[in-house]
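Visitor: Sequence:
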Amino acid sequence: MICADELGPVIPRTFPPAPGWSPDGHRIKAELDYARRPEKTWVYGALRPADGNEITMAASSRNSANYQQFLQLVEDANPAGKIVIVTDNLSSHNSKATREWLEGHPRISHAFIPVGACWLNLQEGWWRLFRKAALAGQSFADPDEIDHATRIATAQLNARAKPWIWGRPAPPTRTLRRRFEYRL
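Once you know that position 165 of the sequence shown is 168 in my numbering, the rest is easy, because the numbers rise by one and skip nothing.
Since the hints were made in silico from the structure, they are not lab data.
The following label-pair restraints were derived from C-beta to C-beta distances:
#, residue 1, residue 2, range
1, Lys43, Gly119, 20 to 28 Å
2, Asp145, Gly28, 34 to 42 Å
3, Glu106, Ser64, 20 to 28 Å
4, Gln72, Pro174, 42 to 50 Å
5, Pro175, Ser112, 33 to 41 Å
By construction, the Cβ of each residue, glycine as well, lies at the ideal position given by its N, Cα and C atoms.
Generate the whole structure from the sequences, applying the supplied hints.
Guide: Rendered as structure tokens:
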């Protein structure tokens, strides 16, 4: 079983350095000047909950061709056995081109989650870790920097990957620290 999803669009932005403080303790005010370019990057991700490993791929758009390329990466990373991909019912996941591609790859099948139930896909939880590791506090000049940050963050997160279990662990049982006895 593989949980897959797309993150994005991630837009390259460059911000000037944050203003500092003057020697007399007043904040230096600077106009917010940033450039936003039309390049967008989508990050495809597939989580294998059994061991916690992730496969990511950055793409310039979210379409059937890029999704099929991503499915090929997933198939190459899982050489044996049947692959069931849990994902949302996006048009590129269920397009005619994707269905024809899947006919040539009988090991891969889709299990679509219901609309409005994205919490059923464990990939959504992994995106939270990914955003913190790769995107938080960063400014990217171009899509190549986003792709580089994606590859580095994925490698770091895979180095400490653990199996994913849906749900919360049971709370620990509380032992009494002191035991009082009342006698009459």
